[in-house]
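Number of protein chains: 4
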Amino acid sequence: MRIGKQDQAFTAIATSDAESITVRGHDLCGDLIGKIDFSDYFWLLVIGEKPTAAQRKMLDACLVAIAEHGLVPSVQAARMTLAAGPDAWQGAMAAGLLGMGSVVAGSSEVAGQFIAEVLADADANGADIDAAAVASLKALKQARKKVPGLGHPQHNSGDPRANRLLDIADQLGVSGRHVSALRTLAEHAPGIIERPLPINVSGAIPAVMLDAGWPLEALKAVPLVARSAGLAAHLYEESLRSIGFIMSHEADQKIEYDGPSSSLQDTQA
Amino acid sequence: MRIGKQDQAFTAIATSDAESITVRGHDLCGDLIGKIDFSDYFWLLVIGEKPTAAQRKMLDACLVAIAEHGLVPSVQAARMTLAAGPDAWQGAMAAGLLGMGSVVAGSSEVAGQFIAEVLADADANGADIDAAAVASLKALKQARKKVPGLGHPQHNSGDPRANRLLDIADQLGVSGRHVSALRTLAEHAPGIIERPLPINVSGAIPAVMLDAGWPLEALKAVPLVARSAGLAAHLYEESLRSIGFIMSHEADQKIEYDGPSSSLQDTQA
Amino acid sequence: MRIGKQDQAFTAIATSDAESITVRGHDLCGDLIGKIDFSDYFWLLVIGEKPTAAQRKMLDACLVAIAEHGLVPSVQAARMTLAAGPDAWQGAMAAGLLGMGSVVAGSSEVAGQFIAEVLADADANGADIDAAAVASLKALKQARKKVPGLGHPQHNSGDPRANRLLDIADQLGVSGRHVSALRTLAEHAPGIIERPLPINVSGAIPAVMLDAGWPLEALKAVPLVARSAGLAAHLYEESLRSIGFIMSHEADQKIEYDGPSSSLQDTQA
Amino acid sequence: MRIGKQDQAFTAIATSDAESITVRGHDLCGDLIGKIDFSDYFWLLVIGEKPTAAQRKMLDACLVAIAEHGLVPSVQAARMTLAAGPDAWQGAMAAGLLGMGSVVAGSSEVAGQFIAEVLADADANGADIDAAAVASLKALKQARKKVPGLGHPQHNSGDPRANRLLDIADQLGVSGRHVSALRTLAEHAPGIIERPLPINVSGAIPAVMLDAGWPLEALKAVPLVARSAGLAAHLYEESLRSIGFIMSHEADQKIEYDGPSSSLQDTQA
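Chains as they are written, first to last, in the working numbering: chain A, 421 to 689; chain B, 421 to 689; chain C, 421 to 689; chain D, 421 to 689.
One chain only, chain A, in its complex shape (with noise of 0.2 Å):
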């Protein structure tokens, strides 16, 4: 079955034969294995060229705040399908990043997209950022929405991943607009939504990513392969001391049945 356009048959990514390995135009054994880090290729492999000192040292600040956060549903999620089939890492792995929707850990790109659209709006009423974001929060305020970046339900005084992560980008020079809308917001958010909304990480490392030239489209990225790594973490745990099964019979615990009992309903029909 045809779906869709057919007429683009290509990639730009990586390309093989019997001898050697091409990834974004180099030579994967001469010139990447053993030269370039991890952090380095990851930025190499999505945006075709090798970042900046500054561009890698703030995806590393991002990955590094994001891969780990305890026990949250994710990991949970994770933990729990390792231990009912502990031969399949891949799956716990996935059940894992499934996690990673637009609520919890994925909601970066919901908040990256939202800073574009502030960015976007300032610019067609001639670059009031302030302007822009009182509009949208009042918006958001108005449609009884959150807003994508700000509040956390642990760090109500302020997300502390979020404050490094905007320090850091200020040090290297890497803050810019998006940062800035980023600030805007926050600055007004506690008087229009009237409760505390301290910038969160989730907004904070699309603002500092974006400001380092990542692509609004790959900004998902970043959660997911941080991510990656805290979960190898949990897995080996899993592995070792297994606590997916002591989780979910608590879990269980907690909830109760409001259902009809059988006896009832046996005795009526």
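Derived from the structure by calculation, the hints contain no laboratory data.
Accuracy of the hints is not assured; some may be wrong.
Which copy is meant is left open, so a pair is good if it fits within one copy or across any two.
In silico PhoX-like pairs for lysine-lysine, Cα to Cα no more than 25 Å straight-line [as the list claims (entries may be wrong)]: (1) K674 x K565; (2) K455 x K477; (3) K470 x K561; (4) K470 x K455; (5) K565 x K477; (6) K455 x K565; (7) K470 x K558; (8) K674 x K566; (9) K674 x K455; (10) K561 x K455.
Could you slot chains B, C and D onto chain A? The hints should help.
Below, chains B, C and D alone, put in the same frame as chain A:
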């Protein structure tokens, strides 16, 4: 429902409160973000301690070697999945990682276990690796099974990534018993199995990583984390220049239907 | 970490103790196993009550209509995944279901939401479905978006599955407001969008299921459960006669590398 | 890249052109939709022929027996995944199915292979199932391995679903060699393994399905398709009354951090 033992309700990876996040005994914001690169952090997360320079270089070399090899089946699956659900990167990346089973990219784990078994056999019989390698190869030959870590469908004359990784391990002083066992297997294999069987990248990775001190039970993490970066590049390209449905159409065209025709069966019924 | 509201810790689906299992108020062993078929049970599980004869027939018709359509992208992804990891059926089936995104087979959900919106618009404006349909089609035309539930890449002259499902809904007396709205959309679409746009199976399924009483929020369950059966057939065939790597090789051949060559870049560097 | 044999480029499941869709030799629209229920269609898709009445009843009984068992780990993983990404049902269902590994719900496959091996051993030694069962149980005892298909963490006095399925198989005249072998194993197991080991549902399902003519290689399809229906019910309930994060919070509370504290390590460093 209570499944399995319930007595070790611990994790040693991370903990957090409202003010701070601790990972492997380090303060995430004060001591890790901006101060450690992603490869070091990956090692710290999994192992619990920061790597030495040689360990980090060995890990980086392996991650770079395995992250990307063009439009392999798992990449195709990921790109088709993104084409069908462009709003769920996590689903497309999960589909890609699920293809890292025992046969293709996930075979590092199988090869690592094989090398470890050969060494265990050698230890049990007075440390003669040659004899243990020959015995295990003959057993595989008799069972008509593939030799884990040797041979490649494309690089018949030798997998250039494997040779490069082994060279680096030698240069770094990492090469030890596992590399030695792999080379012994490669030496005897062509004579016993009767076909060319160069060391492949899925054999070299476990050998050099085990010699670098990475645990056998976490071997699968190396190709999984590495491939998440390659998949990220492909998903970004897919979002800009989709080939998922082009590949699918081409693949479909190649396969012929050889079931019964409906008209025939209708007439008979 | 406490995320979201924590105050409704209930489930009404199932409970069990050492002696019995209760599902939706029925004793699983005494009243369900051997006494209810799988389609009825699927309805009971999701809705909480057993279906009427018309509801069951409508559900069966939809499940049969959507379970299998040959080597579509999600089936290819599943078969490639099984070929790469033959010991993990659950991973291959997961990879297949992940391809049921908003674009292809999962589009029933999108079409159902669209039909519901058209009806809500009509209700808000005095129940004139014609006017609401025309307005929504013009809005899609202006936004250059596809019309959910109409059009098909292969069956240009009309998707035979859609017509069959609508006929069955008429015969069963199931057809109501949603089927009517879908037909109204199909009537006006070619004139407004200016191309042939027959009702497709992803439009017919939500229309007939919503009219049968199935909830909008559970629409995605119909194609997902249906396709799990089709995927099972493909995975069994793959385990006997593997085509996963044949398809992958063919797809790879079709795509050309248009990135820089490594020799060129090496010389420049 | 060419992996594996490339010479059997066929499928016998489905084919289609612009006018019609043929599945297993039947016209989908003319002969299947509205004329066959989902259980029959599932059998037809996998096996290639429609089931007899006894085969269909056996399949329905197994699907109903295994579709739902409350908040088991895989259901929890699915609900946490939906809570984190409410717009991707396919991801949540995939996460749930990934938990059907060798240990929990996917163990039907393992038990089926075990029963088949006992029968093969018996055949090789003159059809004495008793002797083969005793020998295999003693081997498991010595290897300290679990007996596939026997024992249950909750239903110690006997899994009521298993007994019901075996009764139905007897009534339908389906019970044959596999049911007989399973009963023989259950008879000898308590004496040899020295603990209560009633037949569980993952033992009964493969025994009755294999006796009904379902192939060993497709056994995993039965729990996977069945659970997709149970997961659908849970995902719908999750979308209305979310407990994903409630369960996750409760599970997290249970697990204590026993890694080093950051202050200690900071002082030392």
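Comparing the hints with the structure gives:
Taking the closest pair of Cα atoms, K674 and K565 never come within 25 Å of each other, the shortest separation being 29 Å inside a single copy and 32 Å across copies. In this homomeric assembly, K455 and K477 come within 25 Å of each other (Cα to Cα) both inside a single copy, at 17 Å, and across copies, at 9 Å. For the identical chains of this complex, K470 and K561 are neighbours neither inside a copy (41 Å) nor across copies (42 Å), given an alpha-carbon limit of 25 Å. For a Cα distance limit of 25 Å, the shortest separation of K470 from K455 qualifies both inside one copy, at 12 Å, and across copies, at 21 Å.
With identical chains, the CA atoms of K565 and K477 are never at most 25 Å apart, being 34 Å at best within one copy and 40 Å at best between copies. Taking identical chains as interchangeable, the C-alpha atoms of K455 and K565 are never at most 25 Å apart, the minima being 47 Å within one chain and 36 Å between chains. Neither within a single protomer nor between protomers do K470 and K558 lie at most 25 Å apart by alpha-carbon distance, with minima of 40 Å and 46 Å respectively. When the C-alpha separation of K674 and K566 is checked against a cutoff of 25 Å, the pair qualifies neither within a copy, at 28 Å, nor between copies, at 30 Å.
Proximity of K674 and K455 under a CA criterion of 25 Å is satisfied in neither setting, with 52 Å inside one chain copy and 32 Å between copies. Proximity of K561 to K455 under the C-alpha cut-off of 25 Å is found in neither arrangement, the shortest distances being 50 Å within a copy and 38 Å between copies.
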